[in-house]
Amino acid sequence: MKHRSNDWLVGAVIVATMIGIVAATLFLQEADLGEKRQGITARFRDVGNMQVGNAVVIRGVRAGRVKAIELADQGWVVAEMDLDEGIALPKDPVVLIQASTLFGEWQALITARDAAPSIRDVATQLADNAGAPPNALPGAVLPDIAQLTTYAGGIANNVASVAERVRTAFNDSAALELRASIRNFSVLSNDLARAVRVQSRNLDSIAIHVRAGAADLASTTEALRRTAGRADSATAMGEIGRIVAETERASANLRQATDRLNALSASLMSTEQSLKSVITKADGVLGKVDRGEGSLGLLVNDPSLYRNSDSLLVDLRVLIQDFKKDPKRYFALRVF
Amino acid sequence: MLETIGRVARGSLESFGAAGNLTLEATRSLRDVSTWWPNLSQQARKLGVDSLPIGILIALFTGVVLALLASYSFTNAVPRYLVGTLVQKTVMMELAPVLTGLALAGRVGANIAAELGTMRVTEQVDALETLAYNPTAYLVTPRILAGIIMFPVVVGVAMFVGLGAGWAASLLLLDLSSAEFLKGARWFFDAFDVRYGLVKSASFGFAVTVLGCVNGLRARGGAQGVGAAATSAVVQSAVMILVLDAFWAMVWLLGRAK
Numbered sequence: 000m001k002h003r004s005n006d007w008l009v010g011a012v013i014v015a016t017m018i019g020i021v022a023a024t025l026f027l028q029e030a031d032l033g034e035k036r037q038g039i040t041a042r043f044r045d046v047g048n049m050q051v052g053n054a055v056v057i058r059g060v061r062a063g064r065v066k067a068i069e070l071a072d073q074g075w076v077v078a079e080m081d082l083d084e085g086i087a088l089p090k091d092p093v094v095l096i097q098a099s100t101l102f103g104e105w106q107a108l109i110t111a112r113d114a115a116p117s118i119r120d121v122a123t124q125l126a127d128n129a130g131a132p133p134n135a136l137p138g139a140v141l142p143d144i145a146q147l148t149t150y151a152g153g154i155a156n157n158v159a160s161v162a163e164r165v166r167t168a169f170n171d172s173a174a175l176e177l178r179a180s181i182r183n184f185s186v187l188s189n190d191l192a193r194a195v196r197v198q199s200r201n202l203d204s205i206a207i208h209v210r211a212g213a214a215d216l217a218s219t220t221e222a223l224r225r226t227a228g229r230a231d232s233a234t235a236m237g238e239i240g241r242i243v244a245e246t247e248r249a250s251a252n253l254r255q256a257t258d259r260l261n262a263l264s265a266s267l268m269s270t271e272q273s274l275k276s277v278i279t280k281a282d283g284v285l286g287k288v289d290r291g292e293g294s295l296g297l298l299v300n301d302p303s304l305y306r307n308s309d310s311l312l313v314d315l316r317v318l319i320q321d322f323k324k325d326p327k328r329y330f331a332l333r334v335f
Numbered sequence: 000m001l002e003t004i005g006r007v008a009r010g011s012l013e014s015f016g017a018a019g020n021l022t023l024e025a026t027r028s029l030r031d032v033s034t035w036w037p038n039l040s041q042q043a044r045k046l047g048v049d050s051l052p053i054g055i056l057i058a059l060f061t062g063v064v065l066a067l068l069a070s071y072s073f074t075n076a077v078p079r080y081l082v083g084t085l086v087q088k089t090v091m092m093e094l095a096p097v098l099t100g101l102a103l104a105g106r107v108g109a110n111i112a113a114e115l116g117t118m119r120v121t122e123q124v125d126a127l128e129t130l131a132y133n134p135t136a137y138l139v140t141p142r143i144l145a146g147i148i149m150f151p152v153v154v155g156v157a158m159f160v161g162l163g164a165g166w167a168a169s170l171l172l173l174d175l176s177s178a179e180f181l182k183g184a185r186w187f188f189d190a191f192d193v194r195y196g197l198v199k200s201a202s203f204g205f206a207v208t209v210l211g212c213v214n215g216l217r218a219r220g221g222a223q224g225v226g227a228a229a230t231s232a233v234v235q236s237a238v239m240i241l242v243l244d245a246f247w248a249m250v251w252l253l254g255r256a257k
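Heads up: the sequence lines are chains A and B, in that order. Just so we're aligned, residue 0 is where the first sequence starts under numbering that gives the first Met the number 0, counting upward by one. Just so we're aligned, residue 0 is where the second sequence starts under numbering that gives the first Met the number 0, counting upward by one.
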């Protein structure tokens, strides 16, 4: 009797446990026993990391799962998907494979062709599918996080390269030399302004003298013409008259030269004013830089700021390279 | 000191050698069905069914603690539904088999060693031989078979209870919804997890019962010898469980990881 009782109890426990384990397994696997499904097929050039069992999603709602993935002829990959019964596909549907999470989980998204993201690569893949059989939906794979980090890594490399060049070209001694150059330029600009002022004054003086000389020459010419007129009557050849006429033309030329000199002098005055203004502004800016005001001033006068920025960029580059090399290291979940 | 080391090493090797011999004898005794079959259900009840309460209790608290621990660890960057993932993976693959195995090593291993040790020192084993009974078929084979069959049953129940306890704790204590917990639990679930845990627990059952039988049958002297045999059985079983745990991880998990 006791044997029979033991047999019954042990048998009941074993059967109950087996049923419980099988039921729990089916529940966790979301197995669909006896549920009707509709199958669809999609054609891809590449399916990325998609695997059998991954979710099929329509407008963000899980609508089925990937049933099978197989290599096909002419470099295609065909994926079979089971959709829940009664699911209506969008108009002109395409299947996009994409990462659904940062943890390596992928999904197949069924969407309308015109709702597909406007990525050149995706458009190329979908266009490549133009000759697909009528029962196979065109498919494309979207770039995953690894590709994005590759791009980010490239950008970081460029930034780090620029930073490296700046560091090479703009070290402490370069900053000191730049400061010395700024001081020298300031002195040079002052000297230049002073020279321009002196030369302008000299030109004014020359112009005044030339104008006075021209006036004198004109009056002399007039007197000479009168004298020549009187003498011309005395001479029959008229040579004196020609001499006087040429002298008159020379005097006119001289007056024109004087006017040009006056214009030049005025222009020089204007140039001096402009130069003075520019030099004043440059002096102000360079003075700020020299005093360490503003970003450039801080960068020139405080090497630690530059070093910190550069160190940050280098760290960023290392981090992105490491992330690019093994993204799962930051996101992968392992339990025992 | 060298003598002590040598003695300990020889003792250990003797134990494992005796375990190997006993396993071989028990395998041979499988043919003697009429001797071991009547005792199988009794041993299965004693080793398995009667051990269910302790297995359930361990799994209950393990599931709750795991859910709270996961919630405490997963902050900011890690989604909270991964609590379900951690509870499912950890309970099914590691904690249910190992913790239950260790508890049963104490309960079952000591029980077998004490029982057989007492029979040995009171010469009941010799009496069986005198009565033309094969003591291995009568005493050892049903215990080993019961261990191999019932350990996975107890561990299976522990898995079920542990997962349920983690689920309940997530709902009641962590303000996590059922959908979130199940999403995490289902996300990385693979039927292999269950298979791995159950096969591992079957090997634990084999090791615990064999070591219990070996130490019990090798007991000498009186009550002191029986106590020493029980102690040895528990210690060796616990160590063997950890060794087998590492063995299965290397054999199965390492292969799958690649």
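Any given hint might turn out to be false.
[Unchecked claim] Under the rule of at most 27 Å between Cα atoms (straight-line distance), these lysine-lysine pairs were calculated in the DSS-like manner:
1. LYS287/A with LYS275/A
2. LYS287/A with LYS323/A
3. LYS324/A with LYS287/A
4. LYS35/A with LYS182/B
5. LYS66/A with LYS182/B
6. LYS90/A with LYS35/A
Just so you know, the hints here were simulated from the structure itself, not pulled from any lab data. Computed from a prediction, not measured in an experiment: that's the story for all the values here.
How the hints compare with the structure:
At most 27 Å may separate the alpha-carbon atoms for a hinted pair to count; LYS287/A and LYS275/A meet this at roughly 18 Å. Taking the CA atoms of LYS287/A and LYS323/A, the gap is near 43 Å; set against the 27 Å cutoff, the hint is violated. A distance of roughly 45 Å separates the Cα atoms of LYS324/A and LYS287/A; the hinted pair therefore is violated under the 27 Å criterion. With a C-alpha separation of about 23 Å, the suggested pair LYS35/A and LYS182/B falls inside the 27 Å cut-off, and the hint holds.
Proposed proximity of LYS66/A and LYS182/B is supported: the alpha carbons are some 20 Å apart, at most 27 Å. As the CA atoms of LYS90/A and LYS35/A are separated by approximately 23 Å, the hinted pair is consistent with the 27 Å bound.
Of the numbered hints given earlier, the model fails hints 2 and 3; all others are met.
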